[in-house]
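Asks: Order-wise, the sequence lines are chains X and S.
Read in order, the letters of the first sequence are residues 1 to 259 in the numbering used here.
Read in order, the letters of the second sequence are residues 1 to 292 in the numbering used here.
If you are wondering where the hints come from, they were derived from the structure by calculation, not from laboratory data.
Hints may be right or wrong, so weigh each one.
Said to hold, decoys possible - Listing some non-contacts, in silico: residues in chain S with all C-beta distances to chain X over 10 Å:
id, residue
1, PHE35
2, LEU85
3, THR160
To be verified - Cβ-to-Cβ under 10 Å is the rule here; a few derived chain X residues that face chain S:
id, residue
4, VAL24
5, ILE98
6, LEU142
Glycine residues also receive a C-beta, built at the ideal position from the N, C-alpha and C atoms.
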Amino acid sequence: MRRPLPRALAWIVAGVFLLLHLPVVVLVAYSFNAARYSAAWSGFTLHWYAALLERPDILRALRLSLVVASTSTLLATVLGTLVAMALARARFRGSRLIEGGLYLPIVTPEIVAGISLLILFAAVQVPLGVGTVIVAHTAFCLPFVAVVVLARLRGMDRTLEEAALVLGADELTAFRRVTLPQLAPGILAGALLAFTLSLDDFVITFFVAGPGATTLPVLVYSMVRRGVEPTINAVSTLLVVLTTLAVGVAARVDGARRA
Amino acid sequence: MTGLRRRLLGPLVRRPAAGSWALLTPGLLWLLLFFAVPLAVLLGYSVMQRGTYGGVAPGFTLEHYRRFSDPIYLSIVWRTLWIALATTVLCLLLGYPVAYAIARAGRWRAALLFLVILPFWTSFLVRTYAMIVLLRGSGVVNTLLAALGLTATPLELLYTPGAVLAGLVYGYLPFMILPIYASLERIDLDLLDAAEALGARGPARFRRVILPLSLPGVAAGSLLVFIPALGAFLTPDLLGGAKSMMLGNLVQNQFGPARNWPFGSAVSFALMGVVFVALLVWLRVRDAEERA
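Extracted from the complex, chain X is given alone in its bound form (with noise of 0.2 Å):
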């Protein structure tokens, strides 16, 4: 594998890599373009992004998705972390099905969770709302955090845990110094995993969250269905640069913690 690659294929390659960029970067580019209707470019702007700023509506949608964003991601860190290390410890009766069931809601389609949640509230009459957004969130964002905390628990050495036990550290010492800090990378993987689907869900959200409770993707779907317009590619730029904020908060995180 270690020659050159054909012309043909490099032309390929490049090709899908502009494919696969190519769209958001041009989006980001015309948050900065002073056409309102026009595909054409008119001059550098920054009106889109002032008019952001008199928009209570998506300033609150944001605060919101944050919020949610938050409160789901410790919620299904906290309880998928559990999950995954009752399934790493121990084979008992169940647990092979428990751990294949996780990717149940992983593969269900979105549209069908979101509407068996919304007849489930409808059925019990629990009003929509931001409640029920948080309970979805954590409900869809828990299996995928069990599942990456969990390949990190196979593979990591147990033998340092066992041997901090012998060595006469009690299991409250043994799990906070030795087996937490080789477990936080995997749960750190997994709480931004949770972070980014839960800042990024539209399907499910759209179904439960009532009119009280616009998360920033609903808002922006509202926008995207009343038709194209400039503050709609400033607002798409921001998500953007927020999950990538994210994400690099938590590469420099990790970079630090293993340096």
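Please build the complex by placing chain S on the supplied structure of chain X, with the hints as guidance.
Replies: Structure of chain S alone, referenced to chain X:
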């Protein structure tokens, strides 16, 4: 104090099954209440009578499943299947060369991988919207074509099945590239040298050695693209028109404007059924490969 602490935290370190259940219960309960129970309710609704103003009325019936034989709905089922299949094939054709190139990219490997992973962290909604910006009548592509003098009037690119297909391929391509890359990267270089020493070069070496060894990645990638494509809702909703409705949109339509909840539930389960068939086929293929 130590005793209590030991009792509460013991399960985190020790192994017994009793402790495992203590750790499992909160998470499993959450999934049971907010994933499994809703699906059960949905299943129940799919065999009940239709309520007059939405909702359901008591009484068992299978009529909602029988409605699939109606040509209108049958055509949506077929469209969903072929769009999902076409998405998978296109992703494979575009993704395999990329995975192959990354696997042999040497010092550029990390950077190229980063470029493949980056879209994962970009909002799917934003990426779908970006396609609208490109494809709409006064969008970037049409403006470019007109400026180059290639078209006199804007092409109707948006709100077509083609636009849906483009959006899905664009959305799910990384899911195809990463598993193929993973399986190519694991190939033992000695095997390639051996193939070469034995006279297999270029195409023959690729066809007889590299391709078979990368098939598990191809199978995994195909599944990771096919399943979400089957359940697609947002992409056909924003990029498609009336003639590109998929099963996901039919579900939403039945719970929304059509107000036929039982039929919507039946469609949901048909969708789940197709997803499970795809999963089973994949498991079969994987097991056969492992035995081989």
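Asks: If we take the beta carbon of THR160/S, is the closest beta carbon in chain X still more than 10 Å away?
Replies: Consistent with the label, THR160/S stays out of reach of chain X, its closest Cβ about 17 Å off (over 10 Å).
Asks: Taking 10 Å as the limit, does the beta-carbon of VAL24/X come near enough to a beta-carbon in chain S?
Replies: Hint on VAL24/X: holds, closest Cβ of chain S at ~5 Å, below 10 Å.
Asks: Measuring Cβ to Cβ, find out whether LEU85/S lies farther than 10 Å from everything in chain X.
Replies: holds (16 Å)
Asks: Say whether it holds or is violated: PHE35/S keeps its Cβ farther than 10 Å from all Cβ of chain X.
Replies: violated (5 Å)
Asks: LEU142/X was flagged as interface toward chain S. Is the shortest Cβ-Cβ separation under 10 Å?
Replies: holds (6 Å)
Asks: Once the shortest beta carbon distance from ILE98/X to chain S is found, is it less than 10 Å?
Replies: Interface hint status for ILE98/X: holds (7 Å vs cutoff 10 Å).
The structure is inconsistent with hint 1 alone, although it conforms to all the rest.
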